[in-house]
Amino acid sequence: MWAINLRIFGVVLGTLALYTLIANKIPQVQSEVPRALSLGANVTPEQLVAAGDQLFHGAGGCTTCHGLGTRAPNLLTDEKGQGPIGARCGKREPGKDCKAYLYESLTNPRAYVVAGYEPIMPDMGRTLSPQQLWALVAFLESNGGTVDVSASDIPSSTTSTPSTSATPSAGIAGGSTDPMTIIRGAGCTGCHKINGEGGAIGPDLTHVGSRLSANLIRESILTPDAKVAKGYEKFKGIMPKVFGNQLTGAQLEALVQFLAAHK
Amino acid sequence: MTENLSLIQAVADSVSAYRDFPLIGSRAAVWIAAEIHLMFAAFVLGVPIFAVVAEAIGIFGKDPRYDRLSKEFTRLLLIAYSATAIWGAVFVILLSTLYQPLWAYLTAIFGPSMWLYVGIFFFESFTLYLYYYGWDRWKYGRAKIVHWCLGILLNIWGTIVMFIADSWLTYMMTPPRDITPQTAPASIKIWHAILNHTWMPINIHRLIGNVVFGGAIVGAYASYRFLAARTDEERAHYDWMGYVGNFIAMSALIVLPFAGYWLGREIYQYDQSLGITMMGGFMSWLWVIQAFLIAVLFLAGNYYLWVGMGRIPGAERYRPYTKWLLVVLVLGALVWGTPHTMIADSRELAAMGGSHHPLLGALGVMSAKNTAVNLMILSTFLSFLLYRRANIRQVVPWAKTGTRIQGAMFVIAAAIVLFFGIRGYFVEAIVRIGYSVYQVGAVLACIVFVTIIDVLMARGAQSLGAIQWGKMPPRSQYALFVLAVTFTWLMGLMGFARSGIRQHWHVYGVMLDTTPYAATPALGYAAIMISTCVLIFLSLVGFIFWLGGLAEKSTFVPSTVEAPHVGH
Chain A
1 MWAINLRIFG VVLGTLALYT LIANKIPQVQ SEVPRALSLG ANVTPEQLVA
51 AGDQLFHGAG GCTTCHGLGT RAPNLLTDEK GQGPIGARCG KREPGKDCKA
101 YLYESLTNPR AYVVAGYEPI MPDMGRTLSP QQLWALVAFL ESNGGTVDVS
151 ASDIPSSTTS TPSTSATPSA GIAGGSTDPM TIIRGAGCTG CHKINGEGGA
201 IGPDLTHVGS RLSANLIRES ILTPDAKVAK GYEKFKGIMP KVFGNQLTGA
251 QLEALVQFLA AHK
Chain B
264 MTENLSLIQA VADSVSAYRD FPLIGSRAAV WIAAEIHLMF AAFVLGVPIF
314 AVVAEAIGIF GKDPRYDRLS KEFTRLLLIA YSATAIWGAV FVILLSTLYQ
364 PLWAYLTAIF GPSMWLYVGI FFFESFTLYL YYYGWDRWKY GRAKIVHWCL
414 GILLNIWGTI VMFIADSWLT YMMTPPRDIT PQTAPASIKI WHAILNHTWM
464 PINIHRLIGN VVFGGAIVGA YASYRFLAAR TDEERAHYDW MGYVGNFIAM
514 SALIVLPFAG YWLGREIYQY DQSLGITMMG GFMSWLWVIQ AFLIAVLFLA
564 GNYYLWVGMG RIPGAERYRP YTKWLLVVLV LGALVWGTPH TMIADSRELA
614 AMGGSHHPLL GALGVMSAKN TAVNLMILST FLSFLLYRRA NIRQVVPWAK
664 TGTRIQGAMF VIAAAIVLFF GIRGYFVEAI VRIGYSVYQV GAVLACIVFV
714 TIIDVLMARG AQSLGAIQWG KMPPRSQYAL FVLAVTFTWL MGLMGFARSG
764 IRQHWHVYGV MLDTTPYAAT PALGYAAIMI STCVLIFLSL VGFIFWLGGL
814 AEKSTFVPST VEAPHVGH
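Order-wise, the sequence lines are chains A and B.
Residues in the first sequence are numbered from 1 upward in steps of one, following my numbering.
Residues in the second sequence are numbered from 264 upward in steps of one, following my numbering.
No lab work stands behind these hints: they were computed from the structure.
Keep in mind it's a predicted model, so treat the numbers as computed, not measured.
Glycine is no exception: its CB is placed at the ideal position from the N, C-alpha and C atoms.
Taking beta-carbon pairs under 8 Å as the criterion, some of the chain A residues facing chain B (in silico):
#	residue
1	I4
2	T15
3	Y19
4	G61
5	T64
6	R71
7	I120
Could you put the whole structure together from the sequences, leaning on the hints where they help?
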């Protein structure tokens with residue numbers, strides 16, 4: 001019986017070892033996480049191109065199709081005698097310069113599909129931030145063309161901390177002064193509930209006006225750790241302290257008055 | 264979009280909402296718990312399906328051997344249920360302590376369905392206890408029918424439980440498109456989240472997959488008992504049981520790719536980039552491994568049948584055909600495993616001389632692969648057919664005509680598969696994808712009509728001798744073990760594919776994974792994880808088999824009834 005058990009064990013282990021060995025012998029490709037970019041007002045074209053290069057060859061996943069010559073046009077090498085992408089991008093769509101064409105190709109890829117290829121390109125705006133998209137545009141322009149992406153093209157990142165972002169704040173949610181748009185745009189509902197919407201990590205804001213004055217609400221937004229609501233002491237330190245830099249004055253006041261009115 | 268999401272994530276991360284697990288890391292810990300839970304769950308959901316079918320054959324065909332077979336399946340379930348629940352609890356505890364933000368997000372949406380899940384699992388367990396422990400009490404007359412209905416009820420509970428759990432994981436893969444990172448989880452309607460793109464395709468795919476898996480594990484159990492058997496009667500019984508397990512696994516496997524096509528199509532329709540990541544992105548090599556595993560399954564399954572024909576009087580008539588079937592299977596496997604347009608960097612492309620081989624690369628595209636797999640399915644079906652009619656001589660007056668019609672059906676089906684396979688090279692992809700429906704349709708139609716003709720032709724057939732159950736060389740039993748290991752490994756691999764296409768997202772496009780384990784690992788690492796899970800699972804299953812042997816020791820009752828072929 002022991003001999004049978006050992007033989008069975010050998011068959012099982014041998015089969016597992018074979019499959020594991022084969023899977024380790026083929027090329028090992030890991031799907032990287034796109035690194036968040038924090039590009040300030042002084043970003044140089046070289047920095048943009050370098051960031052785009054990394055994305056193109058790594059986490060952006062571009063080489064899955066571009067460069068194989070079968071699924072999508074080659075971008076870094078010549079394609080049908082037209083040169084690399086930087087040389088041909090300005091001639092693709094009438095009235096669209098290279099920069100606009102490349103940005104459109106990334107965010108609305110079905111708007112123009114190169115003849116001979118299928119509309120399989122996904123909207124990269126779903127997975128990449130605007131900073132990453134513009135870095136890719138700069139990198140593609142640099143392949144045979146001139147890089148004209150500048151800091152003014154790149155919207156400020158809400159993920160960047162004040163010390164790393166040199167771009168002046170235009171406010172959250174495009175500067176809107178609609179309180180609910182600000183609340184959603186700032187991600188407040190990730191932790192706070194208001195009118196039945198949102199999470200339960202922080203205090204419910206539905207009746208915050210009955211607990212706090214306008215001044216205290218303002219203070220809670222700007223320096224959230226100064227006074228912590230009873231029962232939420234263990235969450236002290238969670239709320240970001242960046243809203244003083246990210247909200248415009250008009251937004252802050254609109255938000256404070258809105259919350260104070262929620263009695 | 265990602266900015267707001269990152270802000271929420273940063274908030275969560277700032278309080279160490281994610282924790283790490285010692286030594287192996289949180290991803291590996293959750294991976295192992297989820298995978299082993301899933302393997303046990305597949306077993307306890309698959310086995311009741313054919314336990315009930317076997318019991319029905321026993322009742323309505325008045326064959327007590329099937330009743331005993333069904334009871335033996337169910338006894339294995341009892342212990343496997345406990346293991347499923349234990350690993351489920353381990354999984355939930357690890358997920359809720361290591362991945363708090365994800366857990367909080369999912370419970371905010373799916374909370375009520377989680378309560379329902381627990382409730383139904385409770386009912387399911389007690390139905391199983393009644394089903395098993397009531398077996399001998401409700402053995403005759405109407406009571407037996409009621410008992411059989413309990414088995415059906417058990418399957419209903421199990422299916423509901425699986426459908427509920429599937430909604431959680433498919434939501435993570437394909438959340439409805441109107442849900443964005445800004446959408447508060449509590450504001451998402453639960454039915455809206457459940458009815459996502461891949462929910463029903465996964466339900467169907469798993470339903471069939473569980474039957475395949477259950478059949479393979481039962482086959483391994485039977486082969487273990489066969490090898491350990493001390494009497495001829497025992498050996499005969501477990502030989503027959505192994506055949507039934509293999510028959511179930513291979514029959515359901517033939518249908519499984521079609522459910523897989525549907526799932527794949529839904530993934531593409533939901534988001535092209537998900538589909539491209541899966542088929543052409545960093546996972547493209549996974550399909551070459553999958554092709555190898557499927558080839559092993561087809562070859563081992565057919566080998567078992569061909570060896571088994573040695574114990575059937577009259578089967579020698581068909582032996583010359585097996586070498587041609589082997590040729591088709593090997594060629595099909597080689598075509599299916601041909602790589603094409605794999606993800607590679609410029610250095611690797613230069614080394615390969617391009618994205619594919621200049622000559623053999625033509626066999627690596629979907630047209631060739633679909634053709635290959637459909638011909639492999641036809642060949643396997645032919646093996647079953649030869650096995651089925653090995654020890655009979657048809658006596659109906661139209662037997663020759665019937666056989667010719669069957670042969671013509673095979674030829675027509677193969678011709679349709681080849682025609683669309685070749686034509687696929689000359690049309691656009693969107694047209695080519697549609698061709699796979701015609702290929703699959705031709706193969707399925709052939710299987711259905713040939714089987715119907717065969718059943719009608721077998722009426723009153725003359726027997727060339729009883730199948731000599733138990734007279735099987737031991738090497739055939741090891742083929743069943745290879746099948747069980749390969750099915751289990753394949754399940755782990757495809758689970759990695761399904762889960763891995765989300766890449767660095769917990770919920771695709773909605774909730775980022777910001778842990779140090781967010782990058783989706785390469786196949787080599789995944790293979791080590793899968794092998795570890797399979798080894799743990801099979802060790803536990805081995806223990807369960809051993810317990811099953813203890814419980815059943817010396818209770819074997821030899822049968823005087825000749826075991827018929829499945830399907831007769």
